[in-house]
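As you go down the protein sequences, you meet chains D and B in turn.
The numbering of the first sequence is the numbering used here, which starts it at 1 and goes up by one.
The numbering of the second sequence is the numbering used here, which starts it at 1 and goes up by one.
Simulated from the structure, these hints should not be mistaken for laboratory data.
A few of these clues could be false.
Taking lysine-lysine pairs in the DSSO-like style, the calculated list, with each CA pair at most 30 Å apart, reads [as the list claims (entries may be wrong)]:
no.: 1; chain 1: D; residue 1: Lys128; chain 2: B; residue 2: Lys214
no.: 2; chain 1: B; residue 1: Lys75; chain 2: D; residue 2: Lys75
no.: 3; chain 1: D; residue 1: Lys75; chain 2: B; residue 2: Lys143
no.: 4; chain 1: D; residue 1: Lys143; chain 2: B; residue 2: Lys96
no.: 5; chain 1: B; residue 1: Lys8; chain 2: B; residue 2: Lys128
no.: 6; chain 1: B; residue 1: Lys143; chain 2: D; residue 2: Lys16
Computed footprint of chain B on chain D, listed as stretches where at least three residues anywhere in the stretch have a Cβ under 8 Å from a Cβ of chain B [stated by the list, open to error]:
no.: 7; segment: 138–151
no.: 8; segment: 227–235
Quantities reported herein were computed from a predicted structural model and do not represent experimental measurements.
Using N, Cα and C, we set each Cβ at its ideal position, and we do this for glycine too.
Protein chains: 2
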Amino acid sequence: MASKNQLKLIRALGQKKYRKQYGQYLVQGEKNVLELLVAGIKLDALFATPQFIEQNQSALKHIDVIETQEEELTKVSTLVSNNAAIAIVPIPEEAKIDLSGWVLALDGVSDPGNLGTIIRVADWYGFKQIVLSETCADQFNPKTISATMGSFVRVNSLRTNLHGLLSHYNGPVYGAFLNGENVHRTVFTDKGVLVMGSESHGISPEIEALVTHKITIPAFGGAESLNVAMATGIIVDNIKRHS
Amino acid sequence: MASKNQLKLIRALGQKKYRKQYGQYLVQGEKNVLELLVAGIKLDALFATPQFIEQNQSALKHIDVIETQEEELTKVSTLVSNNAAIAIVPIPEEAKIDLSGWVLALDGVSDPGNLGTIIRVADWYGFKQIVLSETCADQFNPKTISATMGSFVRVNSLRTNLHGLLSHYNGPVYGAFLNGENVHRTVFTDKGVLVMGSESHGISPEIEALVTHKITIPAFGGAESLNVAMATGIIVDNIKRHS
Chain D
1 MASKNQLKLI
11 RALGQKKYRK
21 QYGQYLVQGE
31 KNVLELLVAG
41 IKLDALFATP
51 QFIEQNQSAL
61 KHIDVIETQE
71 EELTKVSTLV
81 SNNAAIAIVP
91 IPEEAKIDLS
101 GWVLALDGVS
111 DPGNLGTIIR
121 VADWYGFKQI
131 VLSETCADQF
141 NPKTISATMG
151 SFVRVNSLRT
161 NLHGLLSHYN
171 GPVYGAFLNG
181 ENVHRTVFTD
191 KGVLVMGSES
201 HGISPEIEAL
211 VTHKITIPAF
221 GGAESLNVAM
231 ATGIIVDNIK
241 RHS
Chain B
1 MASKNQLKLI
11 RALGQKKYRK
21 QYGQYLVQGE
31 KNVLELLVAG
41 IKLDALFATP
51 QFIEQNQSAL
61 KHIDVIETQE
71 EELTKVSTLV
81 SNNAAIAIVP
91 IPEEAKIDLS
101 GWVLALDGVS
111 DPGNLGTIIR
121 VADWYGFKQI
131 VLSETCADQF
141 NPKTISATMG
151 SFVRVNSLRT
161 NLHGLLSHYN
171 GPVYGAFLNG
181 ENVHRTVFTD
191 KGVLVMGSES
201 HGISPEIEAL
211 VTHKITIPAF
221 GGAESLNVAM
231 ATGIIVDNIK
241 RHS
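Required output: the full structure, derived from the provided sequences and hints.
See the structure below:
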């Protein structure tokens with residue numbers, strides 16, 4: 001059974017300041033917790049319902065699980081449903097940014113759900129890293145982790161001074177704008193950086209100054225814009241179709 | 001000022017049974033209400049804050065607006081924020097389905113937010129109609145309308161017996177599966193139907209039997225699947241890049 005202090009900790013880790021203070025984050029829900037176990041990522045604690053433990057015996061073989069009723073987990077979870085398991089995971093040391101291949105960089109994507117959806121589509125297309133400006137949503141926000149549908153175990157999100165990073169980068173920097181070159185006609189290079197901007201303001205002026213290729217998804221109808229996660233998926237598909 | 005009965009009606013229209021009973025639906029939030037006014041769609045009632053009325057005088061010129069405080073609107077709205085305006089709109093008579101060009105058909109897309117996001121991306125790519133199976137989410141659900149970001153005024157969602165419709169269709173029927181032809185290599189015809197399946201079960205067996213071309217977005221990484229709205233956007237982009 002989970003102790004009161006453990007349940008209190010879970011509840012606290014829903015908030016960024018406690019994630020920072022304790023160096024831990026939450027992974028909630030069946031799919032995401034199973035991805036964590038399959039990936040062999042070190043856990044600080046795992047709480048799960050008797051049913052979850054019963055159904056996933058082999059994945060849980062070498063793990064200490066704290067059996068907890070679903071009602072208890074739902075009380076402290078940030079999710080409304082799907083609380084068969086909650087893991088407390090240490091926030092990893094940040095890996096070094098690898099600029100040798102294609103790099104996806106986000107400039108001020110502030111919605112946690114959008115960030116998670118972008119991590120999922122980046123994983124689909126084989127990206128191992130995403131670079132985040134300091135103005136992006138927290139990659140350890142529970143809504144972000146949930147929206148990745150397990151892809152957070154395969155894609156490292158690396159928060160950095162994006163302007164500093166791109167200032168020292170010699171390859172092409174593609175940026176998504178509403179008035180760039182038609183992405184269907186763009187001949188993408190073998191490597192480069194793709195920058196996607198914030199939901200409300202797009203790419204910031206200081207990053208825009210470092211973009212070498214402005215690109216656009218051509219519009220055929222009346223919508224003014226696309227959601228940033230959708231736009232990311234479509235542009236990455238255009239990049240990868242030639243590889 | 002809005003009357004008690006009017007506020008009660010707004011609250012009721014958050015539910016499908018009352019939308020059906022009264023033949024009306026809600027459009028909430030600044031962006032969506034403005035799109036409605038610009039499109040000249042007939043309203044049954046419009047409630048708006050003094051600020052909204054002040055800021056949109058020209059759009060509101062020939063409209064009777066019921067001035068209402070934001071707190072009142074928030075109380076009866078299904079949205080947590082962004083309640084500067086709420087319109088009550090008559091559910092239109094269903095238009096006839098036009099199968100002469102490219103048609104997007106959804107088979108059991110049950111999440112209202114996904115449906116709205118699909119309507120938005122369909123609008124971006126110039127689709128005027130989307131065909132919905134009877135198992136899809138309600139296109140007049142407030143979450144759907146919100147997620148369209150105004151595109152609901154340009155894209156007609158037409159609910160029908162999808163199996164019956166496709167049984168009498170002579171053109172190519174493309175369907176998204178996890179084991180179809182690579183969409184990057186597919187040579188799309190000038191017209192056809194694209195079927196996207198449900199979030200959890202994909203395309204149903206009875207519709208699968210009518211699909212003439214199974215297609216797939218190629219995976220380069222570890223994610224098991226893409227969100228259905230994301231997948232729709234990516235496939236439609238592949239269709240439209242040749243047009």
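Against the structure, the hints come out as follows:
1. D:Lys128 with B:Lys214: Holds, at about 29 Å.
2. B:Lys75 with D:Lys75: 25 Å, holds
3. D:Lys75 with B:Lys143: 25 Å, holds
4. D:Lys143 with B:Lys96: 40 Å, violated
5. B:Lys8 with B:Lys128: With a Cα-Cα distance of about 33 Å, the restraint between B:Lys8 and B:Lys128 is violated, given a limit of 30 Å.
6. B:Lys143 with D:Lys16: 28 Å, holds
7. 138–151: holds (count 3)
8. 227–235: holds (count 5)
Hint compliance for this structure: hints 4 and 5 are broken, all remaining hints hold.
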